[in-house]
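Protein sequence lines correspond, in order, to chains C, U, S and A. Sequential numbering of the first sequence, starting at 1, is according to full-length UniProt numbering. Sequential numbering of the second sequence, starting at 1, is according to full-length UniProt numbering. Sequential numbering of the third sequence, starting at 1, is according to full-length UniProt numbering. Sequential numbering of the fourth sequence, starting at 1, is according to full-length UniProt numbering.
Worth flagging that the hints you see were computed from the coordinates, not collected in a lab. The structure presented is a predicted model; accordingly, all values stated were derived computationally and were not measured. For each residue, glycine too, the CB sits at the ideal point set by N, CA and C.
Per the computed footprint, the stretches of chain C lying under chain A, defined by three or more beta-carbons under 8 Å from a beta-carbon of chain A, are:
hint	region
1	214-224
2	290-298
3	327-333
4	339-351
Single-letter residue listing:
There are 4 protein chains.
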Amino acid sequence: MTETAVRDALRAQRIEVPSWAYGNSGTRFKVFSQPGVPRTPEEKIADAAQVHAFTGVAPIVSLHIPWDRVDDFAKLGSYAAEQGVRIGTINTNVFQDDDYRLGSVTNPDPRIRRKALGHLLECVDIMDATGSADLKLWFSDGTNYPGQDDIRARQDRLAEALAATYERLGDDQRMLLEYKLFEPAFYMTDVPDWGTAYAHCLKLGEKAQVVIDTGHHAPGTNIEFIVAFLLREGKLGAFDFNSRFYADDDLMVGAADPFQLFRIMYEIVRADALRPDSGVNFMLDQCHNIEPKIPAQIRSVMNVQEATAKALLVDAEALAAAQTAGDVLGANGVLMDAYDTDVRPLLREVRADLGLDPEPMAAYARSGYAQRIAAERVGGQQAGWGA
Amino acid sequence: MTETAVRDALRAQRIEVPSWAYGNSGTRFKVFSQPGVPRTPEEKIADAAQVHAFTGVAPIVSLHIPWDRVDDFAKLGSYAAEQGVRIGTINTNVFQDDDYRLGSVTNPDPRIRRKALGHLLECVDIMDATGSADLKLWFSDGTNYPGQDDIRARQDRLAEALAATYERLGDDQRMLLEYKLFEPAFYMTDVPDWGTAYAHCLKLGEKAQVVIDTGHHAPGTNIEFIVAFLLREGKLGAFDFNSRFYADDDLMVGAADPFQLFRIMYEIVRADALRPDSGVNFMLDQCHNIEPKIPAQIRSVMNVQEATAKALLVDAEALAAAQTAGDVLGANGVLMDAYDTDVRPLLREVRADLGLDPEPMAAYARSGYAQRIAAERVGGQQAGWGA
Amino acid sequence: MTETAVRDALRAQRIEVPSWAYGNSGTRFKVFSQPGVPRTPEEKIADAAQVHAFTGVAPIVSLHIPWDRVDDFAKLGSYAAEQGVRIGTINTNVFQDDDYRLGSVTNPDPRIRRKALGHLLECVDIMDATGSADLKLWFSDGTNYPGQDDIRARQDRLAEALAATYERLGDDQRMLLEYKLFEPAFYMTDVPDWGTAYAHCLKLGEKAQVVIDTGHHAPGTNIEFIVAFLLREGKLGAFDFNSRFYADDDLMVGAADPFQLFRIMYEIVRADALRPDSGVNFMLDQCHNIEPKIPAQIRSVMNVQEATAKALLVDAEALAAAQTAGDVLGANGVLMDAYDTDVRPLLREVRADLGLDPEPMAAYARSGYAQRIAAERVGGQQAGWGA
Amino acid sequence: MTETAVRDALRAQRIEVPSWAYGNSGTRFKVFSQPGVPRTPEEKIADAAQVHAFTGVAPIVSLHIPWDRVDDFAKLGSYAAEQGVRIGTINTNVFQDDDYRLGSVTNPDPRIRRKALGHLLECVDIMDATGSADLKLWFSDGTNYPGQDDIRARQDRLAEALAATYERLGDDQRMLLEYKLFEPAFYMTDVPDWGTAYAHCLKLGEKAQVVIDTGHHAPGTNIEFIVAFLLREGKLGAFDFNSRFYADDDLMVGAADPFQLFRIMYEIVRADALRPDSGVNFMLDQCHNIEPKIPAQIRSVMNVQEATAKALLVDAEALAAAQTAGDVLGANGVLMDAYDTDVRPLLREVRADLGLDPEPMAAYARSGYAQRIAAERVGGQQAGWGA
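When you get a sec, could you build the whole thing from the sequences and use the hints?
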């Protein structure tokens with residue numbers, strides 16, 4: 001790839017940020033509140049817009065319903081546009097009502113299943129209002145004890161709800177199905193792995209695609225294999241980016257294993273799926289429990305950019321030659337040459353090309369935004385997972 | 001072991017229950033409330049007393065400070081006695097104050113370290129008031145990102161706080177140090193494994209002992225090895241029993257891997273550490289997120305009893321003979337013979353000997369206690385991790 | 001299920017044993033040889049026949065090519081019949097030739113891919129000769145280093161080889177595709193999980209089915225979920241039974257986690273897939289590195305029988321009622337009641353019904369077979385993985 | 001640290017290479033032989049000397065007994081000196097004799113324990129002859145099945161053998177005890193974790209130190225924590241460097257997770273333990289199953305150098321300031337700044353300073369050594385784990 005092509009690709013890259021990253025989050029042990037945390041969807045969007053303002057590649061904000069429910073979504077969209085961003089994926093939430101103690105769409109109780117499905121369909125209504133193209137489905141459904149419920153019957157119920165939701169999608173709308181190994185269910189999760197999500201999506205049709213959350217796998221899982229496999233099948237719809245050392249830690253993407261993130265982005269580049277129109281949505285999904293949220297999002301975007309830049313720098317021709325020759329160390333060496341490169345100077349230039357400060361973290365710190373929101377956002381209820 | 005000795009051991013067995021198991025608990029995603037959940041330390045003790053009333057082997061209740069702080073601990077002790085139980089271990093909590101965002105006793109800020117130490121010392125005061133023999137220390141301290149703090153400096157701070165607390169202990173008081181691999185810290189935990197806890201306890205002295213929480217290990221860890229090793233070293237102070245499939249799931253002990261629980265109890269029996277005066281404290285530490293709490297505690301006590309009964313039934317002589325002979329399948333077979341035995345009839349007899357209903361779950365269900373507390377405990381603030 | 005139905009099911013159960021379990025095996029550190037180990041396919045079959053003679057449910061022997069290649073497979077089949085058993089699945093081996101250093105069917109070198117495919121096709125020829133219905137495919141193919149080869153190109157090559165083999169199958173022949181997370185490949189494996197195997201089998205057609213080797217998963221994987229899911233999809237072709245604490249330990253099935261084996265067998269029973277004509281093949285695939293091989297196989301068969309008996313004893317009606325009612329502890333209790341039952345007396349009766357000694361281990365030990373083969377099998381080359 | 005100090009440290013760094021890395025190795029599935037593989041200890045040393053010749057920091061070769069047993073170790077030492085290297089650590093092997101099927105120093109059979117101890121003592125004799133300072137002890141001892149042997153009794157036997165060996169050490173000799181979670185033992189390993197090794201070493205005395213093999217941990221273990229902890233305790237004696245994605249994969253160090261290697265080296269630098277006289281021995285212990293061995297060793301040395309260079313570049317003052325201030329992102333950012341730096345130019349300069357070619361891989365490839373040994377080493381028995 002020519003250097004121009006690399007820069008073009010980096011300038012065109014799009015990373016979606018989640019509205020909930022700017023609210024409070026934590027563990028079951030404690031949610032630490034932070035000064036200046038948003039209290040409304042508008043304030044979340046304003047914060048998200050800061051991330052785009054300083055990075056230039058994050059102009060899309062995902063919403064989470066009901067956390068971001070407003071009376072007038074068109075108005076929220078206009079507000080977003082004023083801030084320089086737009087509304088992206090609609091994320092459903094069927095895990096925070098007392099009714100969902102034993103599951104939502106897979107609950108043994110048909111009344112609760114209907115309620116959950118109603119929420120999913122409502123979210124498609126919201127998509128119509130916001131012009132969102134993607135509906136993200138993550139189900140916390142599962143069981144905590146062997147025998148608690150019937151594994152197979154729950155699949156039947158899941159399939160039914162997915163089909164009903166799929167049916168409701170408009171022509172330009174997609175359904176993105178996320179899998180997760182465990183948490184909050186601790187024995188069995190109804191969509192635990194990519195195979196399950198893939199099998200359901202395959203039956204539903206082309207508008208159903210799989211979401212890879214990089215923190216939702218068993219230890220030792222080779223995530224870039226899944227990326228490559230789903231791309232080959234035309235079934236990779238989106239990423240939820242974050243990083244983890246142990247479970248679903250939801251740390252900043254690239255913080256735990258930057259080499260893994262590079263390998264993932266390499267598979268994206270190799271399959272020409274970086275293009276904004278590739279059908280793959282690159283979203284952050286993280287919890288900034290102890291660090292300030294806007295800087296953490298900026299840093300995360302930068303981490304994705306660095307991994308991408310390195311992936312773009314892989315000498316594809318040399319790599320293919322070494323691979324074909326069975327030159328194990330040579331092929332590995334080509335990949336590592338790109339990874340070992342310091343791409344920060346290149347990214348500083350890309351930012352300058354975009355008319356941005358080459359150092360987003362420092363520029364944001366200097367902007368005084370953090371101090372301003374801390375001073376202004378007094379009173380009210382800080383946003384968090386429960387609100 | 002003669003059948004009489006087995007029954008004697010089972011009747012004499014003591015399992016400690018935690019006050020917080022009767023309050024609400026959950027995951028970061030949702031805490032589901034349940035009807036009848038206690039609102040005060042007294043109501044928690046009353047519920048714990050039910051577990052003892054139906055099992056006969058759970059007469060001790062652990063407190064958690066500040067969740068169970070009362071003005072008059074002597075009075076709380078009298079209340080417990082009236083309910084037929086007594087107050088046991090005092091569990092400290094230095095993880096739920098906003099000050100502890102970056103740690104408690106290992107926090108880089110000396111003011112916060114002093115505050116955390118103050119809490120530990122206050123808990124020894126409470127032990128004096130309750131007559132508790134054991135102080136349980138679990139630190140959520142750690143870091144989420146590489147570089148966030150200095151690993152070694154944090155050990156220095158930890159050692160200092162431990163020494164100051166140890167100093168404060170009375171002659172008949174012990175300090176029990178718990179380790180945990182991760183959560184809520186996601187990169188590095190200051191006491192992540194038994195080796196760390198052991199090394200600190202060794203330096204502190206005889207009154208410092210290690211706690212094994214069965215859910216706090218990396219995947220694949222052989223917990224019974226740690227049990228055997230610490231018993232050999234005279235450094236096993238207590239268990240926090242629960243079970244897990246993935247992380248620190250805090251499911252009912254014995255629910256995820258009953259064979260593992262049996263192997264653990266076998267090492268206890270083999271080292272003659274089941275006796276109530278052995279210095280090993282057997283406590284439950286669980287979260288009943290979706291199941292009713294009192295029955296879940298009863299079931300957990302029963303699971304420990306069943307594993308213990310099987311462990312007591314191991315034919316020690318035959319086992320030793322097969323081991324000495326290098327008879328791999330024979331020795332494994334001796335152990336499995338005990339495990340494969342259905343010990344429920346034996347335990348029904350043990351309960352009858354104690355004047356109890358042989359079927360604790362059914363007896364509790366028939367008692368109407370659940371309905372009574374659901375009806376009576378209206379209003380007020382249900383107890384939970386945050387209160 | 002009536003007691004008669006339970007016994008009928010246990011008598012009708014069929015477990016396939018692998019010829020290679022009777023040869024030497026070990027780890028990369030050491031293969032310990034044992035006296036009496038077979039030197040020829042015939043001697044392996046003779047040993048396998050002992051397992052059937054003492055258990056009555058293991059009349060089928062899998063072959064492994066080239067380890068069990070003979071000039072006249074019809075004659076080998078007759079020999080098996082004389083021993084009271086028959087030849088079952090044909091297992092392919094494309095991992096032990098120097099050519100396969102960088103893979104077999106996914107090798108970057110087309111010459112080696114052709115060679116590997118030739119072996120697969122030859123194995124179908126052998127199936128024609130033996131009358132085997134199932135071709136088992138396990139590929140050790142993968143890479144050790146990132147960049148070593150192209151993940152996606154290897155999938156293309158894999159798909160091509162699978163299609164060519166599928167094409168060659170006769171009307172009553174099936175292709176069983178096994179997946180494995182890692183080993184011997186240490187970075188990426190070409191068929192690492194059930195999703196990959198499932199996706200390929202789906203495209204190939206009805207005669208392609210997935211094999212679940214119980215030791216081939218990442219830590220924490222819920223295997224019974226995969227069983228239930230594949231049965232619902234009609235895509236579960238076979239098991240390779242064994243057990244593990246860490247990696248692919250290949251210990252005796254049921255030895256590491258008997259509760260897990262029970263949960264797996266429960267899903268089988270629940271889907272009515274225990275029947276010999278269900279299309280699910282239950283095979284042992286184990287390495288008896290330090291224990292004597294024939295007794296270890298007998299014990300393994302017994303372990304599967306015990307798990308099956310417990311699964312058959314689950315009170316389906318009570319379970320469904322508790323599940324429908326959302327009674328978490330009740331439903332779990334129904335499952336545990338079956339698991340906690342001592343089914344050894346029942347299995348002794350089933351054996352007596354079959355005209356067998358109720359205690360297979362003791363009966364085999366008394367038979368003198370072990371002493372006889374140790375005395376007779378002197379000289380020659382003991383069978384092992386390399387031969 | 002000044003740039004001069006960084007270069008000085010890099011020039012002074014010492015990495016020990018293992019004689020067995022140049023022999024054949026593999027998995028239980030297959031050992032692929034390679035052309036030119038050494039047949040004698042001398043040839044292994046000659047190959048190891050190549051690694052030093054091209055990197056300048058690897059002048060020490062570990063021996064493995066009995067694989068490297070010779071009649072005259074003084075002569076072998078002289079041969080090494082002629083090649084430009086010297087003999088380092090003596091590695092014991094008590095896992096490859098049929099007698100060790102059920103263990104060596106922990107075997108239930110006292111005769112076998114004596115034999116194993118005899119080997120350990122013989123290795124100290126060899127140390128006397130070679131002038132080696134370190135005796136490396138790794139025991140494959142453990143059990144495959146629960147009940148197979150008594151966990152605690154095996155600890156007693158282990159302690160006895162360690163004490164007898166310790167007793168035999170000369171004043172300037174050390175004993176390095178390695179731990180490993182599993183393999184080849186699959187249920188319980190007698191020295192499974194650092195805590196066990198540490199506890200034994202503590203009792204033995206100052207000459208007993210712990211070895212960290214980077215591939216010997218449970219998934220999710222924070223290895224740099226162990227490094228920091230043992231350094232604080234003065235008990236870290238040596239590393240066995242390699243890398244892994246799954247189990248003990250024994251890939252090239254830094255190949256699987258270069259960021260982890262950097263974090264480990266940062267703890268080394270932070271504790272001033274990089275100095276050759278720090279008492280910490282940095283050794284490679286790897287298996288080059290599919291890649292050529294000498295280049296793989298050179299690449300591994302380079303990987304350690306790169307991680308070290310980055311660790312040396314960490315701005316210690318800025319890091320401490322951010323840590324003290326509780327600036328999570330700032331502190332992490334300081335660490336990442338060093339990690340993100342491309343240190344290959346710096347290392348090229350360090351090599352030039354040493355009079356070496358700045359590109360060791362290319363220089364070795366050009367040297368023709370690989371072709372020469374492939375041509376010359378014809379006939380004889382290639383070295384491997386079994387010889």
